[in-house]
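A.B. asks: Using the sequences plus the hints, can you model the full thing?
Those sequence lines, one after another, are chains A and B.
So the first sequence is numbered by my numbering: it starts at 1 and just counts up by one.
So the second sequence is numbered by my numbering: it starts at 1001 and just counts up by one.
Since the hints were made in silico from the structure, they are not lab data.
It is possible that part of the hints are untrue.
[What the hints assert, rightly or not] Calculated lysine-lysine pairs in the DSSO-like style (CA-CA distance at most 27 Å, straight line):
no., chain 1, residue 1, chain 2, residue 2
1, B, Lys1244, A, Lys138
2, B, Lys1130, B, Lys1092
3, A, Lys79, B, Lys1435
4, B, Lys1244, A, Lys64
5, B, Lys1006, B, Lys1435
6, A, Lys50, B, Lys1244
7, B, Lys1103, B, Lys1127
8, A, Lys71, B, Lys1239
9, B, Lys1342, B, Lys1037
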Amino acid sequence: MTLPTRDDLIDLVYHEAQLIDEGRFDEWLELWGADSYYWMPLDYQQDNPKNMTSLMYEDAFLRKLRVERLKGLRTFSQKPKSRCSHVLNRPSIEAFDPKAGQFITRTAVHYVETRLDDQFLLAATVHHHFEMVEDELKIKLKRVDLLNCDAAFGNIQLFI
Amino acid sequence: MTMKYKDNPQAVADLVRPAEVHRDLYIDDEVFDLEMKHLFASTWVYVGHESQVPNAGDYFATDVAAQPILLARHTDGEVYVLHNRCPHKGTKIVIDRSGNTGKFFRCPYHAWSFRTNGKLLAIPLKKGYKDTGFEQSEAGQSGLPPVGAVKNYRGFIFVRMKQEGISFEDFFGGSLSSLDNMVDRSPVGKLEVAGPPLRYMHHCNWKMLVDNQTDTCHPMVAHESSAGTAVQIWESIEKDENTKTPMAMEVIAPFMSPYEFFEDMGIRTWPNGHGHTGVHHSIHSDYSAIPGYLEMMVEAYGEERAKAILGENRHNTVYFPNIMIKGPIQQLRVFIPLAANKTLVESYIFRLVDAPDMLLERTAMYNRLINAPTSIVGHDDLEMYERAQEGLQSQELEWVNVQRLYDADEDLEVEAVENGTTERQMRNQFHAWKKFTVESMEAEARDLTDA
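C.D. replies: This is how it looks when you write it as structure tokens:
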């Protein structure tokens, strides 16, 4: 079995952010394992995505729905489209355990999203959990903890 | 600035016609101030749920009628609703959203302290007020003043800011059946707030959100991009007889139901601005049964009553002026007015005590898929509201139309059930808006004359 290197994990974190920033969402969907989740908790240090509200907790179906919707002609909140920019601190490796199949990175992120005359900045700590699927590194869980998760937001329309 | 509406109840009354309302209801700052002072002060406004303050000393802070308010559990077990304002210099006593204050509140500025029922407890160096007439002053007498009236209805706490006015029972009447149904869905008749609310800032007037709760002609249009795309993706996936429809599809797909579905679901209105969609069925009707739940309900209520409770599928119930509940999924949304063009929406979910966790899971999913600032359904709703807020700046057209299925003989002072695409409930809200705002303005004018 092929094993990832520590650099492979870090490279994938940067690559993922680049695909989002460049709007290459179909390629972005390919980065994920079959039973994988994009999770953005609502509560500070939330430990359960299901028994209280999250901002996002999206499986493959819901991620695909978001991406397909962005292409639609009647996607009114995306006429005109939003754009975004990620600034990533170098990811640190939180777990690297090939035997257990556990690969986790932690990345400090500043995220800027803009549409029309509005632009906003969010700070987040992102944990990527990876898994090897047929010799390919895939995302199993991406957890995005917003620094101001308890604030009132306007629309956040793309992926952090 | 000349005042167009202040002290002029007739000018305010003229803003609401039977089937159209003036744009100033949505964009005028003076009208907004009058709404806060009169409408929100003389009606029963939702503040919070008792499960947010379970123990003595617990508090929860919010805004009602654009004023700082706190809810506190006192040692006698009662929930008190107080003005969050030190009688001394005005400092807010509680500055975080919730917590436990122990046996008393203590102002962080000069350490005046208050019992959790609002009564003044102590003032440091009090001898400095000796022989000053302090006892006769507002500060010396008021403590943290209570609001005009409080009602804890099955755990839901409502207030009337004014001392005098319509009773809770008269104000809500038959509409309380929706709250009853939500609570009855727990086998022990009890709800608990589950986690923090979604907080979503809207740059639009609060009434746009309230109007939209019973607007059944927008889902298949505004939400085509989310619900329609979901249906398309699901149809394109190969399935066999073992394929289970995912919970997310059950939640989102009904938004694409055709007009006939919404026409047939029906709308019921009650006097004083309350009403609900989904009399006969709703977008919540076809959710999968949760294993074990019906049995628990039958055990608790008996079969007939349990089936009657679960057979109600009311969609959105508006409690005028500014909340909406979804009984079948235990969700409550508060539309908190901050300015004529700014509204904070908080979406709460509740756990049915002693019911299966899977119900809460579905409710949490609904909340995040439909009502989050990150929700692809919410995005398009907000887009419509903010476009309307901007469009209403046009001075060429003055009126917003709510005429769908209007009848000149319409009587909004009686309960009625009508075609589910009627805008009767919107008219009902404006009728109540006018009644409570203008009555309060006239009462104030009389008081001034008497004085």
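A.B. asks: Provide an ascending list of the numbers of those earlier hints which the structure does not satisfy.
C.D. replies: Number 3 only.
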